[in-house]
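Q: With the numbering used here applied, the sequence shown corresponds to residues 1 to 457, in that order.
Hints listed in this document are in silico derivations from the structure and should not be mistaken for laboratory results.
Not one of these hints is a red herring.
Below are the DSBU-like pairs computed for lysine-lysine, each with C-alpha atoms no more than 30 Å apart in a straight line:
#, residue 1, residue 2
1, K398, K297
2, K111, K255
3, K255, K398
4, K297, K437
5, K398, K437
6, K244, K255
7, K111, K244
8, K398, K388
9, K297, K255
10, K437, K388
Label-pair distances were calculated between CB atoms; the ranges are:
#, residue 1, residue 2, range
11, T347, G157, 39 to 45 Å
12, G90, R116, 15 to 21 Å
13, D139, R214, 27 to 33 Å
Using N, Cα and C, we set each Cβ at its ideal position, and we do this for glycine too.
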Amino acid sequence: MPVAAPEISAEAGNFLEALQNANRAVAAAVLPSVATLDVFETRTVESSPLDGFPWFFFGRPDGNREDAPGRAREYEAEGLGSGVIIRREGNTYYLLTNHHVAGTASRIRVKLYDGREFSGTLIGGDERKDIALVSFESDDTSIAVARMGDSDLVQPGDIVFAVGSPLGYVSSLTQGVVSAVGRNGGPNGNINDFIQTDAAINQGNSGGPLVNIRGEVIGINSWIASSSGGSMGLGFSIPINNVKQAIDDFIAGGKINYGWLGVQLLQADREILESMGLENVTGALASQVFLGSPADKGGFLPGDYVTALNGEAVRSVDQLVRDVGDLRSGDTAEFTVLRGGETLTLTVRIDARDEELVADSSNLWPGFLPYELTGELRERLDLRANQKGVLVTNVMPKSPAAVMGLQSGDVVVQVNDRSVDSLTEFYAQLAGIPSGKEVWFTVLREGHELSTIRFRR
Numbered sequence: 001m002p003v004a005a006p007e008i009s010a011e012a013g014n015f016l017e018a019l020q021n022a023n024r025a026v027a028a029a030v031l032p033s034v035a036t037l038d039v040f041e042t043r044t045v046e047s048s049p050l051d052g053f054p055w056f057f058f059g060r061p062d063g064n065r066e067d068a069p070g071r072a073r074e075y076e077a078e079g080l081g082s083g084v085i086i087r088r089e090g091n092t093y094y095l096l097t098n099h100h101v102a103g104t105a106s107r108i109r110v111k112l113y114d115g116r117e118f119s120g121t122l123i124g125g126d127e128r129k130d131i132a133l134v135s136f137e138s139d140d141t142s143i144a145v146a147r148m149g150d151s152d153l154v155q156p157g158d159i160v161f162a163v164g165s166p167l168g169y170v171s172s173l174t175q176g177v178v179s180a181v182g183r184n185g186g187p188n189g190n191i192n193d194f195i196q197t198d199a200a201i202n203q204g205n206s207g208g209p210l211v212n213i214r215g216e217v218i219g220i221n222s223w224i225a226s227s228s229g230g231s232m233g234l235g236f237s238i239p240i241n242n243v244k245q246a247i248d249d250f251i252a253g254g255k256i257n258y259g260w261l262g263v264q265l266l267q268a269d270r271e272i273l274e275s276m277g278l279e280n281v282t283g284a285l286a287s288q289v290f291l292g293s294p295a296d297k298g299g300f301l302p303g304d305y306v307t308a309l310n311g312e313a314v315r316s317v318d319q320l321v322r323d324v325g326d327l328r329s330g331d332t333a334e335f336t337v338l339r340g341g342e343t344l345t346l347t348v349r350i351d352a353r354d355e356e357l358v359a360d361s362s363n364l365w366p367g368f369l370p371y372e373l374t375g376e377l378r379e380r381l382d383l384r385a386n387q388k389g390v391l392v393t394n395v396m397p398k399s400p401a402a403v404m405g406l407q408s409g410d411v412v413v414q415v416n417d418r419s420v421d422s423l424t425e426f427y428a429q430l431a432g433i434p435s436g437k438e439v440w441f442t443v444l445r446e447g448h449e450l451s452t453i454r455f456r457r
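Using the sequences provided together with the hints, build the complete structure.
A: Structure representation (structure tokens):
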């Protein structure tokens, strides 16, 4: 006689059934608010001379033809992503998705869970946060709107669900746990501190929600780390708290209103920190300052090491960039900085971030990244073993350094005829030059000492 498989105990069965019912409850709560986005983008390409190959040999090409060689032609690229409905105002519904899904779309088709389709409108997109807001119109007030959670409460080990349309399989739900929080990195210089999860995320999931066991949105699925292109249990979601204010900004004006300090921040490596005596201090180095910026007006100087913002410790450059960006124009912020062994508090009135101004390095002081000379660098640059000074790297175009004639590879040995022996001393020399006074450098270049053009700070 066949042997019967052992029965699952009533206790185990009840537990598993309760777990299954909980999963079903999450799915029922979330799936109706998640949409599939068919995204279309008009692109322009330059026709290659070979594009006309079939007819080129049978007569003179017609230069007025749209596909004539050398002429620009337009085509419509199609993509797929996900979005989550997060707000309704009157007959307008708003979906949150990724910028890389819909941020440059010319046309969007929104497909709801129940199969209905609507024409979507791009309200705004932001590449730095990798989010976009899409709207559609409907007088049906029963369309589900997702509930927002608090991503600050998320911890490793939390059970989460990723929802979306991976590879076109609409309304898919996968389960996993939070593997880590506060992850930096990601594509395109994204400034989020991501939630890492092992819930399966694939192409098409982008823009869909990551939800907790209560069915609340705690993140927007953004990217995966993968050697195969598919899920390897390394998915990353934008914390929902990072974008709540951005939603209001998009609706009010179509863009995110970032705060701007006006410094170039550097996550200094160990050698730089050791040369400045800061190897055991967490923070971010303000390596350069935009002249006339809020930072400049508030007393920031190149070489200031930021350790706190409004009393909260600065753990990394990425964190400080996010926190400053979340400030509003007109806000007053207090920065704790270390300068020459002293702790200072600088009070700064924040301005709105202007991308054109940020991209213009003509007011970026000093306009290059100085680097402490090490034994290895001296040997590589064929310098004397006891050569003092700082190495010039990354001279910014049109910056004061470029105007003065500095070149990457120069070694600054004097600032206004005062010797520079170390990186700390270089920053101290700069700090001692008042606004409006002339500055010049003496540099060592190919074995010769040269003086730069003078610059009025």
